[in-house]
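Protein chains: 2
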Amino acid sequence: MIKGIFLVILCISFHSVGFAGQHQVKQDLFDTVKVTAYGITPNSRANAVPAIQRALKVCKLKKNPLLFFPKGRYDLWPQHAIEKVYYESNTSDNNPKRNGILLEGQSNLTIDGNDAAFIYHNRMQPITVEKSTNILIKNLNIDWDIPLTAQARVIDTTATYITIMLDEKQYPYEIDAGKLSFIGEGWKSGVKMVMEYEYDSHLIAAGTGDDHALGKGWQNYRAEKLQNGTLRLYHSFKRRPKPGNVLIFRHSDRDHAGIFITESKNIKIEHLNLYHCAGLGILSQFSENLSFMKVNIIPNSKKGRYFSGHDDGMHFSSCKGQILVDNCKYEGLMDDPINVHGIYVKVIKKLGTNQLLCRFMERMSVGMVWARKGDHIGFTDNASLKTLGKASVTAFKQISTTDFEITLTTAIPIYVKEGLGLENLTWTPSATIRNSTFESCRARGILVTTPKDVLIENNIFRSSGSAILIAGDVNSWYESGAVSNVVIKGNTFLAPVLTSNYQFSEAIISIFPEIPIMNQSTPTYHRNIQIINNNFNPYDYPILFAQSVQGLIFENNTLTRSYDFSPFHKRKVGFSLIGCKAVEIRNNKIDQNLLGKNISIQHMQKSDVSLIQPELYFDK
Amino acid sequence: MIKGIFLVILCISFHSVGFAGQHQVKQDLFDTVKVTAYGITPNSRANAVPAIQRALKVCKLKKNPLLFFPKGRYDLWPQHAIEKVYYESNTSDNNPKRNGILLEGQSNLTIDGNDAAFIYHNRMQPITVEKSTNILIKNLNIDWDIPLTAQARVIDTTATYITIMLDEKQYPYEIDAGKLSFIGEGWKSGVKMVMEYEYDSHLIAAGTGDDHALGKGWQNYRAEKLQNGTLRLYHSFKRRPKPGNVLIFRHSDRDHAGIFITESKNIKIEHLNLYHCAGLGILSQFSENLSFMKVNIIPNSKKGRYFSGHDDGMHFSSCKGQILVDNCKYEGLMDDPINVHGIYVKVIKKLGTNQLLCRFMERMSVGMVWARKGDHIGFTDNASLKTLGKASVTAFKQISTTDFEITLTTAIPIYVKEGLGLENLTWTPSATIRNSTFESCRARGILVTTPKDVLIENNIFRSSGSAILIAGDVNSWYESGAVSNVVIKGNTFLAPVLTSNYQFSEAIISIFPEIPIMNQSTPTYHRNIQIINNNFNPYDYPILFAQSVQGLIFENNTLTRSYDFSPFHKRKVGFSLIGCKAVEIRNNKIDQNLLGKNISIQHMQKSDVSLIQPELYFDK
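As they're listed, the protein sequences go chains A and B.
When we follow the numbering used here, the leftmost residue of the first sequence carries the number 1208, and every step to the right adds one.
When we follow the numbering used here, the leftmost residue of the second sequence carries the number 1208, and every step to the right adds one.
Same shape as in the complex, but just chain A (with noise of 0.2 Å):
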């Protein structure tokens, strides 16, 4: 799929792979910049910074720059991080941004980070790629000495108490009036929410997720600190976690992403860590052919830490052309891992015949540039979801960061009043996600809402939640937008998948758009997906939940019952399907002990469903 758009260079040494944009070029044309040579010396624990500034000057000069890092330790402080104000997409816009690494206007660079350890300092954004092309960035660690999460071993729970033993070198912490606040290099923030950790399995334990792994009310606890440097937290939770278990603290705002891709084009990362960040992992927003391979999102194993990412892993918000995910592995993270998606605004009046006010309504989510001169924007029905009609953009004006005015080459349409949803439909983009591996994450495996091809191939889910959701909404989340082919095949569903609730995860597969209005006359949102070849291994019920789709084929998959957990979830149905046309469910081999063997309908007719597998049988 990405080959049509990145040209394949000639490896002819151990940099591997370069970018050549329109030409092809071989290493040795490379112009290196050495990292050292401006004033830092890996392992000295000084702010590298300043360097990294003025070596990225240089390679600016430069035809085909590589920056280079002799291998070690380079520390980023927000000293000298040149902050710059960025909307950034589904991200707390606490601004200005602090970047760490800053590439603006950059072309065709290489950087070669030769396996360093990048580890910032308080809250900042380690990468920003802002209207580049063509960039490689590869053989990179980033990681936090002191994250913005904590975590701690459960010591022993009573009736009473849980007690604690926390780690103070990595997770500094105070206890004002009773409540644990984390202390870090300029932050201080409270406890927002507790997840559980198995201590072995790495698995987030089973029926906690967003359900409160200390119950309900677990806020009125009070912390002491005990003689031998545990932590007692005095409380009678309504759950208390497992001894020797793993609490992960969240806390902080979710502030910068890892990595943040904006206004760019032909962006690949290939070989990098990132164990840890301050908000999203890696967010690309209205930027183009985007590449990851062999990028991990993952806790630091050798610091003991169960948590990685601050938030979701990869975040691609408004992109269009190529996404490719490869080999990438997602574990830790304290969201989904992959979200593919754009933004629903609102129309909030008509400012002429062909002028409107619009909205940004997802509160992290404003500020952008939503639409460019010949976008093409569709105009969406926000009780129905339906697709109205289309138009072209000459003019983008910001008001506010959330209110915007957009001019359209053509009259709005009669049907266009205050509450519509607009959906910008040049900046949608094809997606392959293959050969990874979703650990146990907080929330769902891979969220995807596209216009373009998607394909889902080779992973392997253990997510907390659903492992697919398949999403689209104009009210709540306001992430558009409705998909029209997705092929997933070949992939791996293991037990841990839906071992916790969280929301949308209705089953394995969640297609769970929100439609206010559903009834048998509604139209479909989503069209095409294909779910094949895939071996799922389900110790519950819910396998598919799909609302709303037109085309939808369920074939050649394996269903293997698993015992490794006990089915909590409260749909007991295998198959649900709501408002679809055109279901087909075939040539699957079932487990005959499989639970989900059932299919329930809602708001469409038996006929809507071609069933050729004797062992799933109609509800009622």
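One or more hints might be untrue.
Just so you know, same-sequence chains aren't split out, so a pair can sit in one copy or run between any two.
No more than 25 Å apart at the CA atoms, straight line, and that leaves these computed lysine-lysine pairs for DSS-like [claimed, not checked]: (1) K1386 x K1509; (2) K1269 x K1813; (3) K1659 x K1270; (4) K1777 x K1445; (5) K1813 x K1399; (6) K1386 x K1278; (7) K1269 x K1593; (8) K1432 x K1788; (9) K1510 x K1659; (10) K1804 x K1696; (11) K1593 x K1788; (12) K1593 x K1813; (13) K1291 x K1445; (14) K1827 x K1445; (15) K1241 x K1386; (16) K1777 x K1696; (17) K1449 x K1509; (18) K1376 x K1432; (19) K1386 x K1376; (20) K1376 x K1510; (21) K1432 x K1510.
Worth flagging that the hints you see were computed from the coordinates, not collected in a lab.
We have chain A; now place chain B onto it with these hints.
Here is chain B on its own, set in the frame of chain A:
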């Protein structure tokens, strides 16, 4: 002394004494600027630097600004700190300096910290006062969580190793190739020197000092971390510290003062605890009228620390007007608590009839504007230290950090040759140091060399080296100049004084100008030193060492032998007199068991000493 310069102001509120400059102001006339109105909340751990900068800008617009800090903790980080190149006296010129709080061109400003804790990070200059007038800074505590000096407790010692316990939270470290490196918030540095403090008494262990607490060759240790978290230093140490005692690891450059006062006038500091800093404690240079009341440069005992500042306590280099030190305390410093001196420079060559090329000779004291138009200078013979003549300056021109041109109003005298010393006679202060306590610090207590009046009164000394050193030299440290009226009265010199060897520490009071050529005809360098009404508690011989003094009175002192320590000093003489004139020793109350009842003379006659003290006798 200070009264004539500082107008005493009516104190009508808890804010106490304000600062008036030319007229009296009442408290209610202050324009209060509350720092919390400019973007910082105490105890938030956020970087307070930008908020303080904004508040100081507002202060500049007010007539009698009071910058007020609500009580609490404020963190100051290098991020956003104004960076400026400063050539600081007796300090490493790692530039630019990072200024946490920079007063530049401020006047009539009071800063009231309201007992707040200012916690600094990395290497920084907590407070800088440049080209400012009538400044009062009060009620502050300055400290570091991770200081630029480390300490450890000795667990046990054997012939082949020492086991120590190091608090990794306060003193994070790494072991590289067997050597201990301390690592902080943007730095890493190896150990340069080890001091030993007694656990209970907080005194530097007798006989250690600059004689290597771990014996010569201690640098050949190999460090290893043990399972239980302790550290073992393997080496056949020539001296073994006492188990239970505290080792201080000196590391890192002295590159930022705690408070740096330059080119300023009428600066008062009151009720301030300076618990740590990255170089000299309070460095004043080319400033006039400086007052310090209840300023403590002491270890933060709440953190269990035995060290305070990284080097000297209060350092006055080339100041003028009045210096007042009253009710201050010094402990755990890694160099002298107080230094008052000027800077000798060397003549490199004559450039014209009235122009000289000169050079700063001490590598840590360079780059300063050594003289201004109208300054009086003296020509000092570098062999005899005799002042050969005087002149006035019309111009100063910097050539490099070490070299400058100086133009005089008159022709250069014929005797001025290459190698001659120049002293700036205008930038010489009078000094009153009273009611203060000098606990155990590395090196001496007070070092003072200024031709103006000096009063050292009612102080208590437990200094590890000499209590008072009156030096002066134009060949090694290049610290000017000769004293002409020093009164040392009412002080108590306790037994711990001079329990270790340090440079120039020849007696409890050591008057030791470095005069390369001494003989009977060498003119005296210092004049008029009175040592009266003091209490001495010597356990060893040396009481007074005096070289090249015209007019030395030792009268009405009480000398009581102490048995707290074993005599160790190589000098088995109570009163060593070298090349002195008009010495009077009389009416002292002398313990019959005193060791140092002998007087030695050299380069002088017995007739130069008026001795009305039957207990004392001349050697040989």
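Item to complete: Against the structure, test the hints numbered earlier, and report the numbers of the ones violated in rising order.
Response: Hints 2, 3, 5, 7, 8, 9, 13, 14, 15 and 16 contradicted; others consistent.
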